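Dock chain B against chain Y, hints included.
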Amino acid sequence: MTIAPEKTDTQVQLRLGGEWLALCSLSLLTPGRGVAALLPDGRQVAVFLGRDGRSYAIDNRDPFSGAQVLSRGLVGSSAGRPFVASPLLKQRFDLASGDCLDDESVSVTSYEVRLGTDLAVDSGSAA
Amino acid sequence: MPAMPTPAIVVVGHGMVGQRFLEALAERGVAERARIVVLCEEPRAAYDRVQLTSYFSGRTPDDLSLVEGDFMERHGIELHLDDPAETIDRAARTVTSRAGRTFTYDTLVLATGSYPFVPPVPNKDAAGCFVYRTIEDLLAIEEYAKTATTGAVVGGGLLGLEAAGALKGLGLKTHIVEFAPRLMPVQVDDGGGAALLKTIERMGLTVHTGTGTQEVTVDESGAVNGMALSDGSVLATDLVVFSAGVRPRDQLARDAGLAVGGRGGIVVDDQCRTSDPAVFAIGECALASDGRVYGLVAPGYEMAETAAAALEGSLEGDVKSFTGADMSTKLKLLGVDVASFGDAHGAADGCLDVVYSDSRSGVYKKLVIGPDGELLGGVLVGDADSYGMLRPLTGSVPPISPEQLVLPAGLGAPVALGPSSLPDDAVICSCHNVTKGTIRGAVTEHSCTTVPEVKKCTKAGTGCGSCVKVLGQLVNAELEASGVEVDKGLCGCFGQTRQELYEIVRALRITSYAALLDSHGREAAKGGNGCEICKPTVGSIIASLAPTIGADGYVLEGEQAALQDTNDHFLANMQKNGSYSIVPRIPGGEITPEKLIVIGEVARDYGLYTKITGGQRIDLFGARVDQLPQIWARLVDAGFESGHAYGKALRTVKSCVGQTWCRYGVQDSVKMAIDLELRYRGLRSPHKLKSAVSGCQRECAEAQSKDFGVIATANGWNLYVGGNGGATPRHADLLAQDLSDAELVRLIDRFLMFYIRTADRLERTSTWLERIDGGLGHVRDVVVHDSLGICAELEALMADHVAGYRDEWAETINDPERLRRFVSFVNAPEVPDPTVKFVPERDQVKPDLPVLQIRTLEGTAAR
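Here the protein sequences line up with chains Y and B, keeping their order.
Counting from 2, one number per residue, gives the positions in the first sequence under this note's numbering.
Counting from 2, one number per residue, gives the positions in the second sequence under this note's numbering.
The shape of chain B in the complex, shown without the other chains:
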């Protein structure tokens, strides 16, 4: 029997929509049944073009990539980078690439996207003229801007403002030239444009609206030196970015004789098929069946899904169609929230506007209301918080009056409009087209109980993130409705979150757990013993803030001793037979032979099992509680300090050997690691903190898997945050680039203190960064741009910590009162615990334990 021929799918273009199409094929199992070839013009695989500008705030091209690790290999997809398709032969069903490769197709998918429109003015191609579309464009602008002082952007639309923000970020004096009478003419109306203009001018940008560009002027070398404007004036500028809209890239299709629209765009039906049924077109190159070309990513994604379904359907017959999409958008441009949705310009017959405008604060809100009171659309500038609620309400009569919907919170009657008022078919996440009903189902049918779980289950909130707030409200509402009480309190003793308790302790300078429980605990818990959850949490908060609130920085002082988890209580790590392990601090992993010998001698004399840890230090296992002070007396004497392996505190700062020895190193990573470890040692935090410093981009210290990781560059240091190894590995995110030593330390000070202030109990930086509203962007705003104005305070808190640090073990062994607890038996202090026993293994010892079925709280497991 002849083998079934493998169908061949050729995809032309590997942008956001192209990649989404590949993912859709993979999800549908088509990738496994077909040969898939992708031709990509750019030298890099699909990346997040929507977030392009974030390159200038520190995201690397790798961060922007949309292709997960081994996606292509796993699905057997052949991706050819830097090799665009040049011709299509529809009769032979072949595509030929620039490199001369020819591929046969059964199905061809065009996802060629769009190209920037450059107005045909003289010298538009001169040196210093750019467009703003690809990472390569950004790299070129960044390079050219190094020798420029002024920049001008032609076009005051969405992309133009992004480009202007980028130029301003590069330190250029920036002009925006817009032909229309207002900024963002497509999205906002005159009022919105005016609010936007005011805010942008206040940032120091110069805006020329109602002005056309007639000519780019050049100097004798042919480089840009200015622009002649339609009002007769000349604008001196070193650099011009054209961002005057995009046009569908349909030339390939035109050459192949496919039908295209009068104003461009490859004509497709509601299955995204072109005039040739073997050829599909998706994304910005396609002219959809409603006669529009969509320049937004969400409709592009929908087309990708539709085409993938049609392709699969050609085998199995399920039908999906794309007949048009919502053009709603919410963006942050130059730090200003701008949103428009539905019939933003009030084009419908008989519609009326409700407008709130406050040019003093740059806030403008307009809702378009239909004759029957239904919400048709709107424009929000300066404050777009309500977008997540308003957009899904479009088409229905809002449950409260439109006036209340536009008034800022606190003015007029309180607005009690929650997501519960939305119908089930309201689309909450427009990036992934997820309805309220689907989100509710994730909670009720798939047992999701948290926003991260719902995000994973439904994909909602994983696109632009603008719906995450509403998502959280919906999840909580649904949990409450299904009888799950959503109590955000820390535990049965406190109704407050850890963050709230931190603020209470800090503001009221409460240094006693009992006082906090009795004044702020739940009624039933007041006067009681507290519990094993809140005691260490409050103990940690008091320890973090100790020097600032006037508590003793020593964690075993007075009442604080009773709050600490057992490991903190004995300043060592309890192991399974009740013995302890000891980890002296070895900053940066650097240690002298003399100190190594002391560790060896101590281990030998006390019969301790020794093991090198993952954090570049040495763990000594098997000490009885009564041996801890003797062992530490010797270690302290040799110059060792507590390594805080027992605490929710800074653990280690690993390092590679760095520039001093390594031929690749560009900075002294060991010295930086030691400096950081000594600075943050003893810092109590919501969970343990790990760090590393790598001396070059080879990253031998694995800094990107740490809570804060530092990687050397030729110009200084890059700081990464929120990394994690363990059960849920997470690559750290780049927070800032090319920092000096002082800038690096200052930024880490702020980052750590902001984390300590806002994280939940036992929440590592990785989960904190995923959970916190606004995510990395918000954290960056706060710690880099000081958006909350708290950076000075965060730095002062850290300065207090650094000044107040004392070694816990040195304090302990010098105080007989404190040493009293280090006995096995209160009534027989000299007797060692006879049940702590060891047997030999591989020339060392291991605990001698009866074989027990250890039953954990979760269930029974043989250990």
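Next up, chain Y with everything else stripped away, as it sits in the complex:
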């Protein structure tokens, strides 16, 4: 299997408490789709790559069904903001805020994500 060289060094990193956690190589993400990642405490996050190259992470658990499936939904844009539609009953969640676009009383946790090259430098920094 071949991986594009310019992508090999780029990591997707997630902010957890005060720390940045390396999740995976950027090359494992497909624009317009998501993947699931397991956090050290057992929680699951859904990580997405938008068409513009920006990445997002929200809780993987679909609050409407209780299943850990949001990472397998389709990514779209609504009024310029990216969202994912749950694969089960199609409710949409804003990728940046975690707010449900179809039921304002519902939202999921959103996480800060960044693309980095050297996790060791940033690890532990509070910035």
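The hints are simulated quantities; they were obtained by calculation from the structure and are not laboratory data.
No experiment lies behind these values; they were computed from the predicted model shown.
Ideal Cβ placement from N, Cα and C applies to all residues, glycine included.
Accuracy of the hints is not assured; some may be wrong.
Simulated restraints on C-beta separations [said to hold, decoys possible]:
{"#": "1", "chain 1": "Y", "residue 1": "Ala23", "chain 2": "B", "residue 2": "Ala482", "range": "54 to 64 Å"}
{"#": "2", "chain 1": "B", "residue 1": "Glu504", "chain 2": "Y", "residue 2": "Gly19", "range": "53 to 63 Å"}
{"#": "3", "chain 1": "Y", "residue 1": "Leu90", "chain 2": "B", "residue 2": "Pro817", "range": "30 to 40 Å"}
{"#": "4", "chain 1": "Y", "residue 1": "Gly19", "chain 2": "B", "residue 2": "Ala482", "range": "55 to 65 Å"}
{"#": "5", "chain 1": "B", "residue 1": "Val398", "chain 2": "Y", "residue 2": "Arg82", "range": "23 to 33 Å"}
{"#": "6", "chain 1": "B", "residue 1": "Leu82", "chain 2": "Y", "residue 2": "Leu90", "range": "46 to 56 Å"}
{"#": "7", "chain 1": "B", "residue 1": "Val398", "chain 2": "Y", "residue 2": "Leu90", "range": "26 to 36 Å"}
Showing chain B alone in chain Y's frame:
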């Protein structure tokens, strides 16, 4: 206290008008309060006589029936078939039938219709002479035509041309003999008749106008061999159909001493009561209070309503009256549009004609304009599209000049005449007498937002269908007026419909969603992520056209992977706890014991819940995403392929066991089902496609509930389309009969590709067939008669699909790059998702889920 006596209503005649009268009684609740007896001469209950000729294009007598399922039982109506009324005793208030049954009535309703007029020429009853009125007449003509080569129709009116079309369809060299100097003398004028003549002659029919029939000649066996005509010539023909008009059937009424008109017809008042107040007459047997006998179905329906109201009114006092009706008609005869409305012949004083005539293209349009500029009537031949607008305008001054109304689109100034220019009391649907105001009310007061809803609510457009186009315009105009923006675009990203996107992708060979969005999307959506509606839709269009436009046929290739709904993305069906189910293809439902054992072993080894599906295959539930490739490796190894249960694609072709084993079977339904399933497997379409093949008319495979269903006949296969089960069941319509294997496959190729090309997103064939302009008739014209000249292209598209098919699962498990996505966690590929858990139930497993209130988008529902 004595019980209220139940009033008895006896209806003589069960044709279209008779049935409508029964429906009107039922709607008014009279059926529940009265004993209703119906005497019907024909061996079958009421059917759509107007569509009689469609029997020859594949509609069965059952399709033509007007009586819904258990209508008679539900309303307690006693229907006696094949038993006409023979005498009426008005003093005793009884009717006696041919079988000798006597019924007492409080009210008698005569709906005896009319009989074909046969001119009194010698040998008019010889073998080979027919009339054209009932299904039995058609069956007899069809049988006799098998040994005939030439046929002649006496009468060039409306029914005569229908009959001529039928004879031509039966493969006979066909002549039309009309006494008047032109065809359709009642409806059209000389110019219209000339345009019609030219078009009909071009189809290969021979027309003799201004010619009378003097004698039918017979051979020594007494069978027809020709006709002697008034011009002295002899026309050699094997078969003669008399279609020279109809006469009211009033003999029963005459014998009973009821008043009849000088030229026939039972005299009725404006309530449809005869000279005996206990007796009504409705439909073609009645002479209405304006002194006319109406031979059209719409006035007959109106009389049925009037009589029903009068009958009810005798108890409750609401009054309706029938004092005459609009004689407007629009028909398609031999494929030619013919319409006439209002004062078509310009009989009014001081009226003037505006005429457009193009004999080259067979188009003739005439409008009759009154002295004050009001539209009085008109004749349209060859192009009657404007009928739906012009007829309701009759009696008013049109908002644009009459010249513009007759010019074809594109000539002269553009015509901006929309239904908005019609007054509220304009009748849009003349079959059901529905006004524009009623249709507007359906939108504004009854919250209908689509044409099908309005049709259901008002009945408009459910008769002959000629007003459906105007209906659509009205509904949209009304929605727009009430502030509902009618945006036909697919979604917030594309202003085009799915059909338009299909054409763009096909014509420009666009193989990338992003390219399509950026070039053809709405401005605000360009450069964005698209949405969950258009991405799978475009993904499906690209997949349907892949081999033709040069895209990869593998749905997970490159950018296409990001477009697929989650089920397509993992080539499996997601279930409620995030696990997946697996359905291997079992073509035709035929499976070897060895393969059954493999399925059993796989299910056992992975702890999968197994269930037999409705489509004759086996569903394996409860696989984690990381297990899918391992499970499929074993299935592919055993010779299984993807069943596409996850895709908007061909699902299954069910079959019964067929001729090979079944004592009733007449064809090998299993082999045909397997052939069809293998041909269309993997075909991506606007929605799922289901099919079935039955080996005989017993229909054990339930083919008539499928998108395309095949039923064996002694001579080949009948093809049904547009069936559906589910929430809105629909019986499939017969598309064509007695097809050979090759003809069947070719027709299904065309049908499916035409559906894929023109349907909306997630529109099953059943709703598509109901929605598409012209409905089944149009689809039949396109795929059977190639009216758009696209059949070769449709077949080529399907040939490309068949040649390009590859099994998605075999491709996937052989490619490590593609297998990479089948993990529960990107950062822990070896870890199974701990939240996907199961508990035992009935010796298998079921998902272990916390009890959740699942809230759907529509609202809250406990699951």
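Violated hints - listed by number, lowest first = Hints 5 and 7 not satisfied by this model.
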